[in-house]
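Build out the structure end to end from the sequences listed, making use of the hints.
2 protein chains.
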Amino acid sequence: MERAIEKEIITRLCEIVGEDHVITEGERLAPYGQDALGELFLPDLVVLPRTTEEVAAIMKLANEKLLPVTARGGGVGYTGGAVPIKGGLVLSTERMNRIKEINFDDLYAVVEPGVRTYELQCAVEARGLFYPPDPASFRESFIGGNIAENAGGPRSIKYGVTKHYVLGLEIVTPTGEVIRAGGRTTKNVVGFDLVGLICGSEGLLGIITEAILRLLPLPEARRTVRALFRTMREACACVPQFVRAALVPAAIEVMDRHSIRAVNDAFSFGIPDEAEALLLVEVDGNRDEVEREARMVERILRESGGFDVRRAETAEEERELWEVRRALSDAIKRYGTLKLNNDVVVPRSRIPELIERVEQIAQRYEIFVVNFGHAGDGNIHVNFMCDGDDREAVRRAREAVRETFAAALELGGTISAEHGIGYTKAPYLRMALSEPTIETMKRIKRALDPNWILNPGKMFSDDR
Amino acid sequence: MERAIEKEIITRLCEIVGEDHVITEGERLAPYGQDALGELFLPDLVVLPRTTEEVAAIMKLANEKLLPVTARGGGVGYTGGAVPIKGGLVLSTERMNRIKEINFDDLYAVVEPGVRTYELQCAVEARGLFYPPDPASFRESFIGGNIAENAGGPRSIKYGVTKHYVLGLEIVTPTGEVIRAGGRTTKNVVGFDLVGLICGSEGLLGIITEAILRLLPLPEARRTVRALFRTMREACACVPQFVRAALVPAAIEVMDRHSIRAVNDAFSFGIPDEAEALLLVEVDGNRDEVEREARMVERILRESGGFDVRRAETAEEERELWEVRRALSDAIKRYGTLKLNNDVVVPRSRIPELIERVEQIAQRYEIFVVNFGHAGDGNIHVNFMCDGDDREAVRRAREAVRETFAAALELGGTISAEHGIGYTKAPYLRMALSEPTIETMKRIKRALDPNWILNPGKMFSDDR
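Just so you know, the protein sequences line up as chains P and V, in that order. In this text, residue positions in the first sequence follow UniProt numbering: the first is 1, and each later residue adds one. In this text, residue positions in the second sequence follow UniProt numbering: the first is 1, and each later residue adds one.
Take these hints with a grain of salt, some might be off.
No copy is singled out in the list; a pair is fine if it fits within one copy or between any two copies.
Once the Cα atoms are required to be at most 27 Å apart in a straight line, the calculated DSSO-like pairs of lysine-lysine come out as [what the hints assert, rightly or not]:
| # | residue 1 | residue 2 |
| --- | --- | --- |
| 1 | LYS7 | LYS60 |
| 2 | LYS442 | LYS65 |
| 3 | LYS7 | LYS333 |
| 4 | LYS60 | LYS442 |
I should point out that these hints are in silico values taken from the structure, not numbers from a laboratory.
Below, the structure written as structure tokens:
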């Protein structure tokens, strides 16, 4: 973006947040111009407000000057939600990083948007409480970004996703008003549910300046059981068996044969060759109950054709079982410099069909694919791997992605489970949503952001 | 409302839904003009569509003719959400009453809006599944109404409220477009979360024509423990003790001393005079686990000062314990012909303060008050009782309601936990929400319903 920011704007921003908190030089701008995808879009400048009032003043100014604003949390997204593809201002919430309150009796926490997910998890666990949402990026992601993207993670089968833990929000609107949605209680039906609307709105409708989050009592214990399967169908067929046993695991993670080969080749886990699928099932709760449930899981896995079944007895064994899953990201790097990681989702019984179709697609386009993810909630990460410098391979990989989206939709699912749309999936939005549905969303966007200054270029393929 | 509906409109409606499904005569209109409050507002006519296409055609016509439309489910609300206070059309969903699918493996149901909550509960329980939301009106309420009002109930402490079970919706917009929000999976971050926005929107933003609902495995067992307390503070102080024991009851119901006196006087339950509060604590889950948890609950209640503690051992004893709670509605009728039932909510640790303040308010206005509700989630039903023909008493009772709302807000809560705003609480909306927050909601309303034809006169004190 070639826009030159008027001197006046810089002066006024310095008045609002202080000179030290406005970044204008190229070198220091770069870290604010990319996310986990690594594609760089330089902002014209970066502001680092400390208070809600500062955020409101920035938005009023930006709206007056028609300056694009992109809010930024941890900057670890996979679809570019925090990246300023139209230049303008990046508003980083990194200085708004206080945990204001942890209320044990009433089971909530009040936090600023720049608190890291992991930091909140540790702080509440120290009090015997539990904040369940755990996106893979939890060590670096900010709560504000988690809410804006409605982040998921492995525990959603039992605990739901981020939006299920947001009780209240303070939001600065695109026109610079400060509004409050929800409150401190699970029950609250006063006016439209703006919390519901803002969760997952990818920073297009407002900037989150405070969040009130629902907490749970911390489960006493966790336990993991691992099993290998000769087919993906067998592995997935055991999931409804848990329902029959009235059992809801905290997580059911799955890895396909390519994932297993990858970690085996890279780290010699010694997983037998006949393993075409691997399941990791975690249960949590009261100590005795977890013991009982882990045995039940073990039995169900065996009866469903699982072999080499291992039930962790100690924290050390627990870590070992998850090692395979954690090694995966590194292990697949050897298959290509470019990873197209797509978080499709289907009703969980359709996972085997999805994976079969993805394999066919990969074969047709001669692209290596690795599938793994959350078998409990139907969310599979389909990773097409190729050489990023090989333009022909990249083109083929992108075609494979489009066909994967089509397959997920045909199977009753959709194109994004937890990464959002951002700019990378905006061209595919029409595959998933009808024209009147998109138009309804845009009407809401225009109603709240008449000048379309907040996070332009995201979600929709045009900003009108 | 004196509006005379043009002949042409009636003719066109008859073409859309068939003559048999348009009601124009006064006598048959009356049942569609009131809800649980019993205040009558006659509609000009009632239409009973069977399909989404019919609903869309009706809305297109209504939008063209600027005809007010009020969607109606079971008609059992407490704030008038389904009542046509500006006349026009009532669109009853009673013929859209099919359960289209119950998917065991993928844990969801697809239903039309006119399915009764109880009917759905029974249908899924027969399959070993569980739909947790259970508003008090569940035998008559419709799923569509539950979603529109984001209905609660006693189980919200463990299971959340209706919105936590809505995966997907088909909606007809005020301008007659058919849109789809969400889908069949818990994880879905494709575009704005219109499901989140529609839940609790009280029929102002669209008409729900289909819902995809999340189900859980049916818990094997339930168990209730009852205890009496000498003070409300003692009773409420045991709630955080459950958190310390990492225990989440399915329900914690509370009755204050006036509630206890009322049922005792009416039905001779023999509850001792020193009981100033009664708690009913229900746990559910696996059979062994429930047994263990019920004992833990019993111990915590005793240690917290509870007396006359009873733990149900059989289904019969279970029923007996809940008898007291169920008798309440009938028992309090003798205290007045008019019941102003207000569902305020506070962070649960503030319940004792709320009840103390409500008692002071009642004393000051010389109005009898009965408080009971959901101690687990802070939602107390404050019932001011008076003679409906005594205008002076009614005036005093209404003042008491306003002060109760102020007290709930001061204590960090809000004016409606599960009944919604409708027309009865619209005059109080500004007590709970700031002007910019209300204006943001209205912008959304205008964006989706430019002619403000859908459920006019509700939520906001003016329709602009």
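Hint check:
| no. | hint | verdict |
| --- | --- | --- |
| 1 | LYS7 / LYS60 | within (17 Å within a copy, 51 Å between copies) |
| 2 | LYS442 / LYS65 | both (22 Å within a copy, 25 Å between copies) |
| 3 | LYS7 / LYS333 | neither (45 Å within a copy, 71 Å between copies) |
| 4 | LYS60 / LYS442 | both (21 Å within a copy, 20 Å between copies) |
In the structure shown, a violation is registered for the earlier hint numbered 3 alone.
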